[in-house]
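S.K.: Letter by letter, the chains look like this.
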Amino acid sequence: MNELVVRTTGLTKRYGKRAVVDRLDLHVERGQIYGFLGLNGAGKTTTIRMLMGLIHPSSGSVELFGRPVPAERMAVMRRVGALVESPSYYAHLSGRENLRVIATLLDLPEKRIDEVLAIVRLTADAGRRAGDYSLGMKQRLGIAAALLGSPELVVLDEPTNGLDPAGIHEIRDLIRSMPREHGITVLVSSHLLAEIDQMATSVGVIHSGRLLFQGPIDDLRARSRGHVRIEVDRPDVALPLAGGLPLVAAEAGALVLDSLVPGDAARLVSALVGGGVAVYRVEERKRTLEEIFLELTGEGAVA
Amino acid sequence: MSSVDATRVAASTRGATARGLLVADWRRMRGTWLFPLTVLGPVGVTLLGVILFLLRGEYMLKPFLSGEKSGFMVVTEQLGMIHVFAIGLGAALLASMIVDLEHRSETWKAMFSLPVSRAGTYVVKFVWCAVLLAASSALMTLGYSSLVVWQRLGAVPWADLATLGALVWIASLPLLALQLFISTALHNQALPLTVGILAPIFGMSMSDLAPWTPWTLMTQALAYATGGLAAGAQTESLTGFGPAQVCTVAVGTTIVLVLCGTLALARREIR
Numbered sequence: 210m211n212e213l214v215v216r217t218t219g220l221t222k223r224y225g226k227r228a229v230v231d232r233l234d235l236h237v238e239r240g241q242i243y244g245f246l247g248l249n250g251a252g253k254t255t256t257i258r259m260l261m262g263l264i265h266p267s268s269g270s271v272e273l274f275g276r277p278v279p280a281e282r283m284a285v286m287r288r289v290g291a292l293v294e295s296p297s298y299y300a301h302l303s304g305r306e307n308l309r310v311i312a313t314l315l316d317l318p319e320k321r322i323d324e325v326l327a328i329v330r331l332t333a334d335a336g337r338r339a340g341d342y343s344l345g346m347k348q349r350l351g352i353a354a355a356l357l358g359s360p361e362l363v364v365l366d367e368p369t370n371g372l373d374p375a376g377i378h379e380i381r382d383l384i385r386s387m388p389r390e391h392g393i394t395v396l397v398s399s400h401l402l403a404e405i406d407q408m409a410t411s412v413g414v415i416h417s418g419r420l421l422f423q424g425p426i427d428d429l430r431a432r433s434r435g436h437v438r439i440e441v442d443r444p445d446v447a448l449p450l451a452g453g454l455p456l457v458a459a460e461a462g463a464l465v466l467d468s469l470v471p472g473d474a475a476r477l478v479s480a481l482v483g484g485g486v487a488v489y490r491v492e493e494r495k496r497t498l499e500e501i502f503l504e505l506t507g508e509g510a511v512a
Numbered sequence: 013m014s015s016v017d018a019t020r021v022a023a024s025t026r027g028a029t030a031r032g033l034l035v036a037d038w039r040r041m042r043g044t045w046l047f048p049l050t051v052l053g054p055v056g057v058t059l060l061g062v063i064l065f066l067l068r069g070e071y072m073l074k075p076f077l078s079g080e081k082s083g084f085m086v087v088t089e090q091l092g093m094i095h096v097f098a099i100g101l102g103a104a105l106l107a108s109m110i111v112d113l114e115h116r117s118e119t120w121k122a123m124f125s126l127p128v129s130r131a132g133t134y135v136v137k138f139v140w141c142a143v144l145l146a147a148s149s150a151l152m153t154l155g156y157s158s159l160v161v162w163q164r165l166g167a168v169p170w171a172d173l174a175t176l177g178a179l180v181w182i183a184s185l186p187l188l189a190l191q192l193f194i195s196t197a198l199h200n201q202a203l204p205l206t207v208g209i210l211a212p213i214f215g216m217s218m219s220d221l222a223p224w225t226p227w228t229l230m231t232q233a234l235a236y237a238t239g240g241l242a243a244g245a246q247t248e249s250l251t252g253f254g255p256a257q258v259c260t261v262a263v264g265t266t267i268v269l270v271l272c273g274t275l276a277l278a279r280r281e282i283r
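Going down the list, the sequences are from chains U and E. Numbering follows my numbering, with no gaps: position 291 of the first sequence is 500. Numbering follows my numbering, with no gaps: position 240 of the second sequence is 252.
These are computed hints drawn from the structure, not numbers from a lab. Hints are all accurate, no fakes.
Derived CB-CB ranges, DEER-like:
(1) E:Leu49 x U:Thr332: 31 to 37 Å
(2) E:Ala278 x U:Ala327: 33 to 39 Å
(3) U:Asp428 x E:Arg116: 43 to 49 Å
(4) E:Val143 x U:Asp427: 57 to 63 Å
(5) E:His199 x U:Asp234: 32 to 38 Å
(6) U:Thr332 x E:Leu210: 45 to 51 Å
(7) U:Arg330 x E:Ala278: 36 to 42 Å
(8) U:Gln407 x E:Leu52: 53 to 59 Å
(9) U:Asn370 x E:His199: 21 to 27 Å
(10) E:Met218 x U:Glu324: 56 to 62 Å
(11) E:Leu49 x U:Gly219: 48 to 54 Å
(12) E:Leu59 x U:Pro374: 56 to 62 Å
Anything over 10 Å on all C-beta distances counts as not near chain E; from chain U, calculated:
(13) Ala228
(14) Gly376
(15) Arg419
(16) Val478
(17) Lys495
For glycine and all other residues, C-beta sits at the position ideal for the given N, C-alpha and C.
Please model the complete structure; the sequences and the hints are all you need to start from.
M.R.: As structure tokens, then:
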């Protein structure tokens, strides 16, 4: 296994009796783009705040690069860049001056400011007041700030929130290029599965504070085995004819089967027709990631 | 690539330095009202002095012309209390503005996601406010001296003016520490500002209040520096702190209050 850049153990945050984050074991490996997926209010931001040492866990622990946070926060944070929730900026300062404040704190040269401005394509607007920026520009300024210290780990909390499609596309490309071009590990949170699907290599699905799934996004996709749905006029007659096949359910007017090899499908249809059952429609339905996500979170809600 | 890694490792354990924190705050304050306010305060008090002299200069100058009072006494009698009040108000406004900058832009979370010490950040903000108040106090001294020159009140009493400015400044530090504590703890600045404006009005003139409170301490400093007259020493309110007492109490209270504020910020949940 690769080096774990982020590792939480039983991470829990309670407000009163309610556990906003519940025994989370997050594992982010070096070089991954880890998509942290969950609905609004699932506990994503609270988790990220604990990763950054901004709030203290009720129990459990956080390790970044194998060092405990917040205990060794000062030593570790030089290697981390973060955009926590909404972008933070001084409205009265220009984009460049905002970055200069951080560059001063991190003791970075002016050249680095030019570099990150170029990366997020804000060079032309660097002199304007950040308060007058559009939402997309503010978001990009926040990402520039996260990249400023040449971090090894970038944590982006809902970086595409409130952006238009073009802006989303741009930021997605930027995130995808980070591991490749700069060797950066990325942890990106979102409530949109489609977005995570398009950039993440690994996913963690959080719901009501619990981690429901964690692993390669392909494993999540593998759950989307297809179903074959056969609409018939008399399911009660059809049911015995499908004997021996992986039957999932017989609903009103239809048989639902686990994915069939083509030969089985042909044999079943011919058996149905031979048995006097009218077959209206045979369709294969692949579950989308969206459905898997909803199923996961549905389970989570029930549990 | 290996050289990049090497610089990363070398830089990895280094947090923001004290110089970095100081300069970063200076960069943040540019374009805000913190610097103009520092100048406007003493200019305003001096202009008030000008107006007073224009309106009732003859009356005010009488004791000087008769040799009863020195030029220093004449100007401080009129402006001493206003000067002290202005510095107290300035402390509240500066403290509020320097942290509201972070409250409003929600930059605490961004800043403390960097290798930036919370304690260092707080202390540096206190230091900046103290420096700005010192600048205001120095300008106030210049304001007094310009009135002395303008009204031909004799040689400029630099030593007395410097003592007044410095002692009132030192006595204002506990108030500054208190205001910074409240302003940092609360997101909404309405309460800290209300306290900052009202408390000096009552506190500085309250005779029942112990002399070591942040508000009465400033009156004590004024009373000593002006020989008691300007602060109304005729009343029994003043127990008469000497400069050593003012400094000791000011430094002691300030350290305690800054420490409280530092701890509060260090333990705070940043949301």
